[in-house]
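K.L.:
Chains as they are written, first to last, in the working numbering: chain A, 1 to 261; chain B, 1001 to 1200.
Treat the hints with care, since some could be wrong.
Said to hold, decoys possible - Capping the alpha-carbon separation at 30 Å, the derived lysine-lysine pairs in DSSO-like fashion look like this: (1) 241(A) x 190(A); (2) 223(A) x 1097(B); (3) 1150(B) x 190(A); (4) 190(A) x 233(A); (5) 1180(B) x 73(A); (6) 233(A) x 223(A); (7) 1037(B) x 190(A); (8) 190(A) x 228(A); (9) 43(A) x 14(A); (10) 228(A) x 241(A); (11) 43(A) x 1150(B); (12) 241(A) x 223(A); (13) 228(A) x 14(A); (14) 228(A) x 238(A); (15) 1180(B) x 1037(B).
Keep in mind that the hints were calculated from the coordinates and are not lab data.
Letter by letter, the chains look like this.
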Amino acid sequence: MQPHKSHPTLFIEKDSWLHRSHPFNKLCYILVIGVSVYVLPEKWLTDIVLLLINLGVLLTAGIFKPSLNFLWKTMLPLALFMIPIHGTLYPENHMVLISLPWFNIYHEGLLFALNTLLQLSIVLIASLIFVFTTHPADLISTISQTAGSPTLAYLIGSPLLLLPAMRERIVAIQSAQRSRGLDTQGNFLKRCYGLLPLLIPLILGSLIEIEQRTVALELRGFKSANPKTSVRKVPDSKFQKRVRQLMLTLTICIIGYRVLG
Amino acid sequence: MSFTESIKKDFTTTVMVLMAVAIVINIAAGQLVSILKLPIFLDSIGTVLVGIMAGPWAGGLTGLLTNLIWGMISSPVAAAFSPVAMAIGITAGLCAKYGLFRTWWLAILSGVIITFFNAVVAVPIKLYLFGGITGSGADFITSYMLAVGKGLFGSVVISVFTSNLIDKVVTAVLSWGIVKALPERTAARLPRVNGISLKN
Chain A
1 MQPHKSHPTL FIEKDSWLHR SHPFNKLCYI LVIGVSVYVL PEKWLTDIVL
51 LLINLGVLLT AGIFKPSLNF LWKTMLPLAL FMIPIHGTLY PENHMVLISL
101 PWFNIYHEGL LFALNTLLQL SIVLIASLIF VFTTHPADLI STISQTAGSP
151 TLAYLIGSPL LLLPAMRERI VAIQSAQRSR GLDTQGNFLK RCYGLLPLLI
201 PLILGSLIEI EQRTVALELR GFKSANPKTS VRKVPDSKFQ KRVRQLMLTL
251 TICIIGYRVL G
Chain B
1001 MSFTESIKKD FTTTVMVLMA VAIVINIAAG QLVSILKLPI FLDSIGTVLV
1051 GIMAGPWAGG LTGLLTNLIW GMISSPVAAA FSPVAMAIGI TAGLCAKYGL
1101 FRTWWLAILS GVIITFFNAV VAVPIKLYLF GGITGSGADF ITSYMLAVGK
1151 GLFGSVVISV FTSNLIDKVV TAVLSWGIVK ALPERTAARL PRVNGISLKN
């Protein structure tokens, strides 16, 4: 299930209600979910409910499989570390669950590890909802127009565009240095020495290019205050705006409830 | 000059391009160094460079955006640590402002200070979001500390500090060296650099 066009971000090309949603709505969603997970009481109940909501959203948007794939790949290493470490070494461990020859596995540590993993999964899914369904160009357009900050849009867009060029440059520098006898495979000391000849040309070269890029930007009137037309239009309906406001209000209410209650 | 005016003065087009390039340097250097399998990351070298050359706010924003963009291209987990990267940038900028990047041994001191503030911001995030474990080599230090009886908080503090110290000191000294090696023409467009480029 490979996307036929590779994007710099994790974006998956599809058409669903999520893909058509405004990027800011998805960002607000991450905010609401994040705040709910960490602020609301009734840990296990809220976590399960939020997890089910998230999974439901994933299913209706057709990104269920890639999301679960990504979730599994990210959470598995974490779980492999957390469950043994917290299960055996968590400071508030009292109740022994399993007794093994050299160490015990405790109830509290396991619960703590599982709860942490669950909370992380929920927030991760909310982030994936944003990253998988938002085309980077849409995000940049909205920041530039709706949020009115072309500088910020440039700061996000330019790196995304520069990265493939930087990767090619790294390969070129590596080949050039290797042809001069640089050893990147040897022992520790050799690898330390190998670091600078790779890094310095990369960084200095990029920094020297800055002047050229600055002039190019200024020539194109980047800093001018006049409104600019954009090729890419991101639809934003009244309904979406209402949903955004609702989510933001919900976030404030949740925080307020915790602070006051 | 008022506070907002001084921030605006710092954000020229050159600084903006510098930040974009630095974000890419952060990501590229981080990936490059991980191939070499050394005990450092160097994924904040761009942030520190911007902090030195364009001030604390530019440095902080560079760090913040680096992790957010990293979250979009590779894994949203990196985005959780964006406040840490922001702290690195702000600290580097402040160190440079107070002349702590003038010589290589002062740069080492800056590296230690950056490690300290890195830990100040990273420990709460690591503790409350990840329960102290993030699946990296530092977890071995954490579990050793837990096993000898230090609480969760103390263990995470020690492991974050020790795993970042070498990296941040190397980053600081490298940044000092790079700024010194910049050609005059590039340095001229960045007014803050001149405080450090004064050779001898």
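K.L.:
Next step is simple, just say for each hint if it's right about the structure.
P.N.:
For each hint, the structure was consulted:
1. 241(A) x 190(A): Given pair residue 241(A), residue 190(A) is violated - Cα atoms ~57 Å apart, limit 30 Å.
2. 223(A) x 1097(B): Cα-Cα ~27 Å, so holds.
3. 1150(B) x 190(A): violated, 37 Å
4. 190(A) x 233(A): violated, 52 Å
5. 1180(B) x 73(A): violated, 42 Å
6. 233(A) x 223(A): The given pair, whose Cα atoms are some 21 Å apart, holds under the 30 Å limit.
7. 1037(B) x 190(A): It holds: about 12 Å lies between the C-alpha atoms, which stays within 30 Å.
8. 190(A) x 228(A): Distance ~52 Å between residue 190(A) and residue 228(A) Cα, so the pair is violated.
9. 43(A) x 14(A): violated, 34 Å
10. 228(A) x 241(A): With a Cα-Cα distance of about 23 Å, the restraint between residue 228(A) and residue 241(A) holds, given a limit of 30 Å.
11. 43(A) x 1150(B): Measuring from Cα to Cα gives roughly 27 Å; hence the hint holds.
12. 241(A) x 223(A): holds, 29 Å
13. 228(A) x 14(A): holds, 29 Å
14. 228(A) x 238(A): Holds, at about 23 Å.
15. 1180(B) x 1037(B): Status holds; Cα separation ~27 Å.
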